[in-house]
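Going down the list, the protein sequences come from chains A and B. So the first sequence is residues 1 to 314, counted in my numbering. So the second sequence is residues 1 to 251, counted in my numbering.
Think of the hints as simulated: they come from the structure by calculation, not from any bench. Bear in mind that the values here come from a model prediction, so they are computed numbers and not experimental data. Even for Gly, the Cβ is constructed at its ideal location relative to N, Cα and C. There's no promise every hint is true.
[Stated by the list, open to error] A few chain B residues that face chain A, going by a derived Cβ cut-off under 7 Å, partial list only:
{"hint": "1", "residue": "Ser90"}
{"hint": "2", "residue": "Phe92"}
{"hint": "3", "residue": "Leu103"}
{"hint": "4", "residue": "Thr165"}
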Amino acid sequence: MTDRRRALVTLGALAALAAVPLVAGVVNQPFYLDLFRRIMIFAIAAVSLDIILGYGGMVSLGHAAYLGIGAYAVAIPALHGIHSAWVQWPLAMALSGLAALVIGAISLRTSGVYFIMITLAFAQMLYYIGISIEPWGGDDGMRLAGRSRLGGPLDLGDPHVFYYVVLALLAVLLLVGERVVAARFGTVIRAVKSNEPRLRAIGVAPFRYKLAAFVLAGAVCGLAGALLANQTEYLTPSYMHWTRSGDIIVMVILGGMGTLVGPVLGAAAFLLLENVLSAWTVHWQVILGPLLVLVVLFARGGLWSLLPGGDGRG
Amino acid sequence: MAEPLLAVRGLRKRFGGLVATDGVDLDVAAGETLAIIGPNGAGKTTLIGQLSGDLRPDAGTITFAGADVTPLTAAARSHRGLARSFQITSIFRDFSTLDNVALAVQAHAGHSFRFWRAARAEPTLRDPARAILAQVGLEDRADVVAGTLAHGEQRQLEIAMALATRPRLLLLDEPVAGMGPDESQRMEQLLRGLRGHHTIVLVEHDMDVVFALADRISVLVYGRVLATGTPEAIRLNAEVRRAYLGEEIPA
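With the rest of the complex left out, here is chain B (with noise of 0.2 Å):
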């Protein structure tokens, strides 16, 4: 296998006496999606925020596109290429739906520090911006307050907002949480368009959405990695049925 673009090695992270990510090794390769599922509390998204810059580990190191980013902040790994989506739908609320994607844009377009022109009149801001809600099917809705937005629609905006940052990895933290079968089924069609265009770790409870899109999955429990390999391996795997208890994977 060449490089892998993302690659945990010994990542370690402790609440107290509760260890959430007890010696994590993961890689993930250009262009795959990697799913990483496990019963509650086995630190999925602890994880995640430890990938994303959001938490810092305690040991381990987190190499990606070949550069060690684990001393750096979420904004800075946001600028070498790691995008995420939260569990916890994060939006600006107040903000109208392309201003939030277009602030995305405008993150990754120099600084700032602009007192003068209108930031809703710059078009290399708003261009991108419609066009990604287009992607991702919130034309229709760009100038609604982002808060009113219906929540798949909101959960829409979050990927909306990871793509705008031109990611070469999404961090994808339960994107079909708390969504109806409609809604599910449009966030599923979502993620398979990007699939294949984007490196993706997802971390997800949907089964079938997880075995639908994912090259590899990874089964996490109590913190560690208990097995990675493609969706048909992970089925048939002994020690995840166990963990499971038969429940939810299909057989």
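Chain A with its partners taken away, still in its complex shape (with noise of 0.2 Å):
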């Protein structure tokens, strides 16, 4: 049942995504197209989180070091020349991958806040860093060199091949995230959030799967970093602040934890009531706090559990 919802909720989605270059044009606001592609890319991120924070119960509050990772691993070689995309997001996803790894593998050894705290300090710790770094811009960023190269008829230059390149990563991780949360990997991480020491007694020891799975998250943020700098076109340490991990955490409750698709709608809703209310006043935070904790209290399975056929509750 919840499985063909899901099915069917995440190809409304998507194709409503790919409607949205067609509706922009025919509307005549080709600002459209540059919104929904920066939602696509925090939703990217977004669902990155949630295979960890939905799925394992792993309240990482660093998850934008990976974001910013990424995007350091697109500006740095564009520096130097070196453009093609194929060279860059891979890269973008071993770091994210490689600084996962070490930030689980002392991180993932604590629980509950102190969890938090340590991935929340491993975050902050790089948002310096990158502050301190002036020949990539230090605190003020710098330009992006150029976009990446894919190479042939794909040139992220044009915005809408841009688009659809960002919508078929999308579509790929949501694919592959439906696969890998119901395989036995799935289950065990799920089975980490459900009852952990249940889990021990059955004869798993959760530590090696924990991990793969937050170096799995960090990877693919890593690439949503790699987009996010096409995307603005610049660099700049701010994308690693502890704030910006909020957001994403803040855009995979509002969709619905442990539903992959959720995410995608939680991070549409938080950067469409960004861009709504900060035309009005620039607090708009103090509009969006209000309404997540309405979200918190009245459906807790976030704005997935709202849609037709579910119970409000998630």
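Got two chains here, each in a separate frame; can you build the complex from them with the hints?
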């Protein structure tokens, strides 16, 4: 039941996203292309966080670190004349995955609030390192020397091409994610959240599975970071700031934890709200905050559970 | 007596000033059912925890199937063939009943770094899990969310998960706890079916169940083994009767 509903919502969301450029063209608002591309990039980051937060119950407050690492992995090679996406993007994923391996190997030995604090500390450490490296833009950041080059007809300079490349990556992520969470690996990760002592008692030492999930999530978020650098054509350490990590958590919770497609909805809702509300007031978070409280109080399953067929609780 | 399956020597565990396990020696022979009884606070659950690997003893050794397992984690001991059920029901509440048992099967079917094939579509996990659910009488409840099962059914599921790891020794911590008469009768029947086929260490407060099932009984008081013997010998043991002050032990 749930699986079918999720497949339908996922397909619906992807179809809607695929239609955005057409609609933007018809109403002559190319700005929407930009906005929804940004939404999809953050959706990739939020879906990656959902794997560890929503499925595994690991509340990482440092997920934006990988966003930043991914962005640097595009900007630094570009600075040195290496523009190929086939170099930059795998590099972004590898470096983010490596960082997640180190951070996870240490932080996963703790749990609860200590885990939150350690992941936060690592991300802030990377943030301050970013600030202090002047040749790479330091505090101010720097312009991207040029967008990643995929080769052939896939020119990311074309907003439509860039849009559909991001959409394709999001679609692949949702498909692969769906398989992973239903496979043996995902079952163990869900069991970690459900009842870790029980998992040990039946003979699973969860650490290496949690670490693997942490690395996977980090690598995928690194890819989102690589896309984000292309999106903004700018590199700034603020991608790694802890408030950004908080934003991604909000997207996951708002959309519905442990649902994969939910965080896509969450990213869309968050960034659309930001867009609409910030046009009224710079203090738009004053409105977002209470909204989030309402969602947590009355729809614990997030937007996902409010869609037709949901139970309001997820 | 042949080499015991489980041999405990000089086991000690203290929590601050409280000595919960105070030099426990135990032998469990393959195939037998040993019941551990004792008043509240005697250290029964602490003892089970040390046997299963959830708690680390301060001193002493635990030998299982001829190997010293004292330094091993709970997960590692599970692979040696030790399985436990918990006094306070511990299941994957948001998983279906069948998923609970299938995961226990999966835990003993190689590593879980498999990312593509749906675990629910693997007959090598589902078929054994279904068979075990039938064994404990939960086959009709396979697709129910485990957290919504009745208390007694959750206790049955506990046993099913332990069985799914194909254990050589079952550590059962108060399987009848909190059950009504019907439920506890069903559980007793289930345990009776396991008896003889499995080696069992049973901690239980329900003396009817203990005296009906145990081959031998060890009485634990203040972390020490006061006496070990056949049910008949324990029933007649003056020291045991004093420790219980006539309470519960049927004459």
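Evaluated hints:
1. Ser90: 5 Å, holds
2. Phe92: Holds, because the Cβ-Cβ distance from Phe92/B to chain A comes to roughly 4 Å (cut-off 7 Å).
3. Leu103: Since the shortest Cβ distance to chain A is 6 Å, the answer is holds.
4. Thr165: 6 Å, holds
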